[in-house]
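Listed below are the residues making up each chain.
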Amino acid sequence: MWKTLRDGIDLRIGLKDLIETKLKGYRIPKDTNIFYTLGIVALFAYMIMAVTGYFLLIYYIPHTEQAFKSVQLIMTKVPYGWLVRMIHIVASSLMLIVVSLHMISIFIMGSYKRPREVTWFLGGLLMLITLTFCLSGYLLPWSQRSYWATTVTTSIPTAFPVIGDYITRLLRGGEHVTGVTLSRFFALHVAFLPPIFLGIVGLHIFFIWRIGLSTPGFSKSAQHEQPWTGYRRTTYPESYPFYPNFVLKEALMITIFFALTFFIISFMPNFFMPEAANTPANPFKTPVHVKPEWYFLAPYQLLRLIPNKLFGITIQILLIILFLLWPFIDRSEERNILKRPLLLVLFLVLLGLWVVLTIWGRYS
Amino acid sequence: MSLLFGVFSATAVGSLAYPLIRYLAPPEEEAGIKTVTIDKRSILTGKAKEVVLGTTPVIIIDRPGKGYIALSRVCTHLGCLVNYDEEEKRLVCPCHAGIYDLEGRVLSGPPPRPLQQFPLRVEGNKIIVG
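Sequences listed follow chains A and B, in order.
Residue numbers for the first sequence follow the working numbering, so the first one is 1 and each next one is one higher.
Residue numbers for the second sequence follow the working numbering, so the first one is 1 and each next one is one higher.
Watch out, some of these pointers could steer you wrong.
Only part of the chain A face toward chain B is listed, based on derived beta-carbon distances under 8 Å [stated by the list, open to error]:
id, residue
1, K3
2, T4
3, T52
4, V152
5, S155
6, G173
7, H176
8, V180
9, S183
10, K285
11, P287
12, V288
13, V290
14, L303
15, I306
16, P307
DSS-like cross-link-like pairs, simulated, lysine-lysine; straight-line CA separation at most 27 Å [said to hold, decoys possible]:
id, chain 1, residue 1, chain 2, residue 2
17, B, K47, A, K285
18, B, K66, A, K249
19, B, K40, A, K285
20, A, K16, A, K249
21, A, K3, B, K126
22, A, K16, B, K89
23, B, K126, A, K285
24, B, K34, B, K47
25, A, K30, A, K249
To be clear, the hints were calculated from the coordinates, so they are not data collected in a lab.
We put the CB at the ideal spot given by N, CA and C, even for glycine.
Let the hints inform the model, and build the full structure from the sequences given.
Okay, structure coming up:
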């Protein structure tokens, strides 16, 4: 039965040939490590978000009077509704952790260097879109936390003279965060962002596939790399096939992702759900000690510390631009970060600063 | 040929971009309530009352020895609503720890300018704001 089906498919699309040339024939350098699978784990996490999101859409009502109630309905009345929403919430935070680890590991391994500058840039864009997904998504439950987080975020452009107020009005659809803002963010979350995200993912994968996977800058094979003067597909003499070897590593990491998701849901369900997330929005009462999601704690704390609003926001925008364009700024041919102590120290200081600001923001 | 192509492309893009931006821009809001009247006896000395003027949350404070003042509760930093700290006699923003005095002036924290003040007059037992 299975053989007949397989032969039938093979007759029509040349399945064996596809597997031999595109999967087994695609070679992965021997020096790659487990961190190289994080990109596919992030994509898998996105797929989980999409599927659970579709199911949430069945009950969610994007209206200020109904949004909070409909989310409560999902959590308390709809059979296993709480599970679908919890997967959506927990997977979104874990996805951001995976994406951050992916970017950090790519940086440490020097894999953003020529000819992979555009691949890094697209990955950075995907990280920003993921953050926009989170931001637009957490207004939707219309809770105290979501309302005030959105108020703060949409106020950020007001730091800029002349056009700042206009941009804020454009984002909110008026002077304040209202039902119009909810509709805009809902449309952004479910209709505008997904095709943009998937389009960039497609490009990102295309670049990786065409150029081939890199090796860590500190590995043996990286020492013998030739400078890139024209397009060539990287070949590694001691390589292994993408399928099944690398696919198995990816499967292991995806299983770990699932294990973590369900562990948090079962044993730490409030880990990503503070009290303000379960209180309906009140536009006339900012909750005391309101905090953003963990991934916005560092910028939040920085805004508290820097007394000048324009300066505080400008410095963060400059850091984002620097992050996106880093491969075009860092033109050194040395890929091994261990041979570049200044860059290593700068990276560790920035990473440490981010961790300190996050913890400080959480407990301040 | 390329000039024509450029001109028509620019016309097409411009003609599409303008309505798109106009579509996304919010429609003008109606003015809403321009004044709010409250009973003077509802605020004791040193206490405050929160009201809404149009769409703006406002706080009316009876400052000891200085009389009433009406201030916007919208923090000038990033738009959270300030709370009245009755013991310390100041207004505190819970989001980024901006602190204002009872005149609306910035005492500490990141707010770039004072809280907006609204005109207020007392007529008999009524306080009229706006």
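Results for each hint:
1. K3: This hint is violated: A:K3 lies away from chain B, its Cβ roughly 55 Å from the closest one there, beyond 8 Å.
2. T4: 53 Å, violated
3. T52: 29 Å, violated
4. V152: 4 Å, holds
5. S155: Holds - the Cβ of A:S155 comes within 8 Å of chain B, reaching about 4 Å at its closest.
6. G173: 5 Å, holds
7. H176: Where the cut-off is 8 Å and the nearest Cβ of chain B is about 6 Å from A:H176, the hint holds.
8. V180: 7 Å, holds
9. S183: Since chain B brings no Cβ nearer than about 11 Å to A:S183, farther than 8 Å, the hint is violated.
10. K285: 7 Å, holds
11. P287: 7 Å, holds
12. V288: Hint on A:V288: holds, closest Cβ of chain B at ~5 Å, below 8 Å.
13. V290: For A:V290, the interface hint holds, since the closest Cβ of chain B sits about 6 Å away, which is under 8 Å.
14. L303: Holds, because the Cβ-Cβ distance from A:L303 to chain B comes to roughly 6 Å (cut-off 8 Å).
15. I306: 7 Å, holds
16. P307: Hint on A:P307: holds, closest Cβ of chain B at ~5 Å, below 8 Å.
17. B:K47 - A:K285: This hinted pair holds, its Cα atoms lying about 17 Å apart.
18. B:K66 - A:K249: 72 Å, violated
19. B:K40 - A:K285: 23 Å, holds
20. A:K16 - A:K249: 22 Å, holds
21. A:K3 - B:K126: At roughly 89 Å apart (the allowed maximum being 27 Å), B:K126 and A:K3 break the hint.
22. A:K16 - B:K89: 78 Å, violated
23. B:K126 - A:K285: 25 Å, holds
24. B:K34 - B:K47: 24 Å, holds
25. A:K30 - A:K249: 13 Å, holds
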